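There are 2 protein chains.
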Amino acid sequence: MEETVLITGGAGYIASHVIVELLENNYTVIALDNLRHYYSVNQSEKPECIKRIEQLTGKVVPFYKADISDQSALRNIFKLHKIDVVIHMAALTDVSESIKTPLTYYSNNVVSSITLFEVMKDFNIKKLIFSSSSNVFGTPQVLPVSEDHLTGIRCTNPYGRSKFFVEEILRNVCESDENWQVVVLRYFNPAGAHKSGLIGQNPFGVPNNLIPCIMQVAEGQKERVTVYGSDYDTKDGTCSKDFTHITDIATGHVKALEKLKKLCAENWVAYNLGTGQGYTILEVIEVFSKTINRKIPYEIVNRRKGDLGNIFADITKAKRELNWMPTKTIVDICTDAWKWHSQNRKSNK
Amino acid sequence: MEETVLITGGAGYIASHVIVELLENNYTVIALDNLRHYYSVNQSEKPECIKRIEQLTGKVVPFYKADISDQSALRNIFKLHKIDVVIHMAALTDVSESIKTPLTYYSNNVVSSITLFEVMKDFNIKKLIFSSSSNVFGTPQVLPVSEDHLTGIRCTNPYGRSKFFVEEILRNVCESDENWQVVVLRYFNPAGAHKSGLIGQNPFGVPNNLIPCIMQVAEGQKERVTVYGSDYDTKDGTCSKDFTHITDIATGHVKALEKLKKLCAENWVAYNLGTGQGYTILEVIEVFSKTINRKIPYEIVNRRKGDLGNIFADITKAKRELNWMPTKTIVDICTDAWKWHSQNRKSNK
Numbered sequence: 001m002e003e004t005v006l007i008t009g010g011a012g013y014i015a016s017h018v019i020v021e022l023l024e025n026n027y028t029v030i031a032l033d034n035l036r037h038y039y040s041v042n043q044s045e046k047p048e049c050i051k052r053i054e055q056l057t058g059k060v061v062p063f064y065k066a067d068i069s070d071q072s073a074l075r076n077i078f079k080l081h082k083i084d085v086v087i088h089m090a091a092l093t094d095v096s097e098s099i100k101t102p103l104t105y106y107s108n109n110v111v112s113s114i115t116l117f118e119v120m121k122d123f124n125i126k127k128l129i130f131s132s133s134s135n136v137f138g139t140p141q142v143l144p145v146s147e148d149h150l151t152g153i154r155c156t157n158p159y160g161r162s163k164f165f166v167e168e169i170l171r172n173v174c175e176s177d178e179n180w181q182v183v184v185l186r187y188f189n190p191a192g193a194h195k196s197g198l199i200g201q202n203p204f205g206v207p208n209n210l211i212p213c214i215m216q217v218a219e220g221q222k223e224r225v226t227v228y229g230s231d232y233d234t235k236d237g238t239c240s241k242d243f244t245h246i247t248d249i250a251t252g253h254v255k256a257l258e259k260l261k262k263l264c265a266e267n268w269v270a271y272n273l274g275t276g277q278g279y280t281i282l283e284v285i286e287v288f289s290k291t292i293n294r295k296i297p298y299e300i301v302n303r304r305k306g307d308l309g310n311i312f313a314d315i316t317k318a319k320r321e322l323n324w325m326p327t328k329t330i331v332d333i334c335t336d337a338w339k340w341h342s343q344n345r346k347s348n349k
Numbered sequence: 001m002e003e004t005v006l007i008t009g010g011a012g013y014i015a016s017h018v019i020v021e022l023l024e025n026n027y028t029v030i031a032l033d034n035l036r037h038y039y040s041v042n043q044s045e046k047p048e049c050i051k052r053i054e055q056l057t058g059k060v061v062p063f064y065k066a067d068i069s070d071q072s073a074l075r076n077i078f079k080l081h082k083i084d085v086v087i088h089m090a091a092l093t094d095v096s097e098s099i100k101t102p103l104t105y106y107s108n109n110v111v112s113s114i115t116l117f118e119v120m121k122d123f124n125i126k127k128l129i130f131s132s133s134s135n136v137f138g139t140p141q142v143l144p145v146s147e148d149h150l151t152g153i154r155c156t157n158p159y160g161r162s163k164f165f166v167e168e169i170l171r172n173v174c175e176s177d178e179n180w181q182v183v184v185l186r187y188f189n190p191a192g193a194h195k196s197g198l199i200g201q202n203p204f205g206v207p208n209n210l211i212p213c214i215m216q217v218a219e220g221q222k223e224r225v226t227v228y229g230s231d232y233d234t235k236d237g238t239c240s241k242d243f244t245h246i247t248d249i250a251t252g253h254v255k256a257l258e259k260l261k262k263l264c265a266e267n268w269v270a271y272n273l274g275t276g277q278g279y280t281i282l283e284v285i286e287v288f289s290k291t292i293n294r295k296i297p298y299e300i301v302n303r304r305k306g307d308l309g310n311i312f313a314d315i316t317k318a319k320r321e322l323n324w325m326p327t328k329t330i331v332d333i334c335t336d337a338w339k340w341h342s343q344n345r346k347s348n349k
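Chains as they are written, first to last, in the UniProt record's numbering: chain A, 1 to 349; chain B, 1 to 349.
Simulated from the structure, these hints should not be mistaken for laboratory data.
Be careful, since some hints might not be right.
Since the list can't tell identical chains apart, any single copy or any two copies may satisfy a pair.
Unchecked claim - With a straight-line cut-off of 30 Å between C-alpha atoms, the simulated BS3-like cross-links for lysine-lysine are:
1) 305 x 121
2) 100 x 126
3) 328 x 79
4) 100 x 79
Bear in mind the structure is a predicted one, so any value in this text is a computation, not a measurement.
Construct the complete structure from the given sequences, taking the supplied hints into account.
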């Protein structure tokens, strides 16, 4: 039977790619988003990315503009649709901003999550996929980082800590009620865009993620890429991260939905979605430069608060238990991101 | 200059004793409580404990019946009074209940705290004493437990984890804004009552704390004390805890208020309020039995989820930096608790 999935933060970068994969795998998808990062949306219209998803897939995605902290809006959606599973992606995700305004982050990422879970409980909807992050590990003590690595201890920013808190809250919820079934997906630096060039990462204001920054420089909007720190314990001293293609991240959700149907005694389970390989900032700049055949100037400045330094995932568990495997490379990430960026330079909707 | 202190959870067991100490040290106190655990209060009246505090001290304590999750009620209080410091005690505190209903605990203890901190920030009130618990340490890895002991990792219950979350949120808030000044007090099993016998612990429903349980048995309301577990790594195999007299806990708050005036670079600081000595459940039953010269029957059953097993505090830091010292013994705890209980058997207000 076809399942109905509610996605919170449904107009976001990761969610839009997940929705495409779900629709292609015959799930019915309802999207919910407060559209805080969509500054030019006509209130009566669906956001541009949802319209494009519908164009891409030929399917309809019911969309609600609402904040998950709004209990009555949530209740309304749960009354109107028979939801089977919730994929909870709504969150603020800017690491640097989270250091400056921690209460805003805890309020948006933790308080709202609790509201959502309470409403889900009231409607007896107890299947959930939670969008978590490699940031829950903090600065890793061993590499690669497996799911068993300690979480929460050496978190370098409130964003990561807010994800850790929600993971733990869900763990306790699962311990208290065996009917809850939760899959936690810990993303390692989602990057790139859909191969169609129709959907991708649309940062509001100044981008904080590397690839959007590189693209701004590539097209002359900015003079050079700022590289934070060159004294990390990595190949060239710059931060090293495990960049994962957004489409691989998206297929991980289809696999997680299948896993949710088979969870038994262990009703809270976490998986790393990464590639298992790290690239330094300078390496990514070089790959990007070669991919588009342009020079990408950069400048090295001091370390930035909140960065992890060096991290890459152990993905053995996701391979084994989800039957999931990343298929795209760092070159694919650069190619697809650039295609998206080039095709959508003007339409910042 | 006389400072004005707002106490959340102001009608609670610990708060009522803190208020007495503050009034005796010339602080002005405003109390706020949702009175959820006062089931027989006339809405127009102050709760019994506040009336008794006023009787005891000859001073007036403005009281507001409100929940800290109610932003507008909070704003109203901050508008009406010039608050200098907030002592944040409002919380649900039943370990066993927290395991059964984690969302309720996270909502009450974490969500409400964030609401309070946001309102404080809006009113530029950034001095806070936070009521935390030895439960943040989880099952200790070394004894005695100093403030540097890892927190959050081996928490055995959502209650303790909710306290850990709020500690960390406050730590991030202090990192983001040097004007915040926060003292975290980690209580080790507050017990006993005010020497007057006028205020004490008034559990709603079935008491979960040891001393109230013992007293129910002592007066024949219950047949025997249930002792959870006899296979812990302690003297006699029963749980061992660091019981701290409620008046010592209360004076710790006066010391913490003095400390708040002197905080500089380090604007988030935690202190253990304990005695530095553990007593097993069986030892406490025996001391109580001798104190009141009655037999206290007990039965040993299986371990209870959420218990810590064996914990006692290293209080070197509180002695050194707060100039605080516990002055009361386990015998004082039993004597004073019994006095309170005997004098108030009928008036469950």
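Verification of the supplied hints:
no.	hint	in the structure
1	305 x 121	between (37 Å within a copy, 23 Å between copies)
2	100 x 126	between (34 Å within a copy, 16 Å between copies)
3	328 x 79	neither (39 Å within a copy, 57 Å between copies)
4	100 x 79	between (38 Å within a copy, 27 Å between copies)
When held up to the earlier numbered hints, the structure conflicts with hint 3 and nothing else.
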